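**Student:** Sequence:
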Amino acid sequence: MPFLLYTYLFAEMAAPLVATLIVLTGILFLGKLVPFLNIILQFHVGFADFLRICIFMLPKLLWFSFPFAAMLGVTLCFTRLSNDTEILALKASGVTVNFMLPPVIVVALSMALLSFFNASHLVPAGSNAMNDIFLKLAREKIEKGIVAGEFSENLGDIVLYTETLDPKTNELGGVYLSDSREGDTPVVIMARQGFLVPLGTMMQLTLRDGSIHRVIDELDQTITFQKYTLNIPLEIDKISGLKVSRSNMTLPELKAKAEEHGIGSKTGALFMAEFYKRITLPVGCFLLSLLAFPFGLLANTERPGIGVRLTLAVFISYYILTSAAESLSAKLIVPVLPALWFPNLLFAVLTVFLIFRANREEQTIIGLPFKGVFRKIFRKK
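Following the numbering used here, the numbering of the sequence shown begins with 11 at its first residue and continues without gaps.
Hints are computed from structural coordinates only; laboratory data are not their basis.
Be a bit skeptical, because a hint or two may be false.
Unchecked claim - Okay, derived cross-link-like pairs now, DSS-like style, lysine-lysine, Cα gap no bigger than 25 angstroms in a straight line:
id: 1; residue 1: LYS178; residue 2: LYS237
id: 2; residue 1: LYS146; residue 2: LYS42
id: 3; residue 1: LYS70; residue 2: LYS265
id: 4; residue 1: LYS265; residue 2: LYS276
id: 5; residue 1: LYS42; residue 2: LYS70
Fair warning: this is a prediction, and the values are worked out from it, not measured in the lab.
Based on the provided sequences and hints, a complete structural model is requested.
**Tutor:** Below, the structure written as structure tokens:
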């Protein structure tokens, strides 16, 4: 009996869970892809790189999709069973609410572990991989943009001209360069030979046998050199719309960075807020999945969709509370640890309370004082 029942419940939860996960992730993906279209067209991204970009975008989307898919999957499963009076038949056969709870716990725990692995490993890995791709595309754009006999403006505030270019060695001949990074008056550099090579997040331009010309206080200054190295940073946030941020860091890196700045400082609080958010949201995924269980049991012929409406309301409320807690902790108004764990503590109490009442066959949502309010909100029109 338990094996057959649990297998049946797993199957009933799996279908809406997977469907919700696919649909929601697809919607979020399309919304996230729109800002990148201009960059993709600008860099002439090939299909292979485009596919990689799509894959590396998924972890951040799944961070949001996992808890909602788990919660809605559980709700829809037990809503259907309640509407088809299958729950009533099970209870008549002696199956209690607590007896149906283990499959829900397994699903909730599985989704929470997936969510934690995604937040702790896949999110930083995906963010770093995205930056690596756009760095590579930025370098390729710069290299392809340098054409012999033409002025190149792909280096930000630097304009480069070369008479000759060897595409195999990236050797430049007859180099003219105008550098406007340090003021309104550009520095003009001329050299017989130059080499442009990628170096991490920079492009390194090595010039040989040349001169530097600049005007200081209306005086023309000329400096000759045999070798001059110019490091040109690739500003990812300007070139690709991405930037190195807290989402690129793993949990140990976030904690180390917070300790480096001082946990009590404003910057340290930002890193600690990200650290605890990676832990608390998977725990929230577990709690929300369990909370969906009594919501699904509330459905009946008069209120067939009440569980889904409650699921949406509670899910939005949870994320509003989490965002508010993160904001307050980042501004040092509330300590980071209690602020980020407060929503989970609140919903843990609510989950235990509702499961306890569901086991006692009590349909009241949040007690008698609010019975009339919820009846007006969720009654069938």
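**Student:** What are the numbers of the hints that this structure violates, sorted from low to high?
**Tutor:** Violated hints: none; all satisfied.
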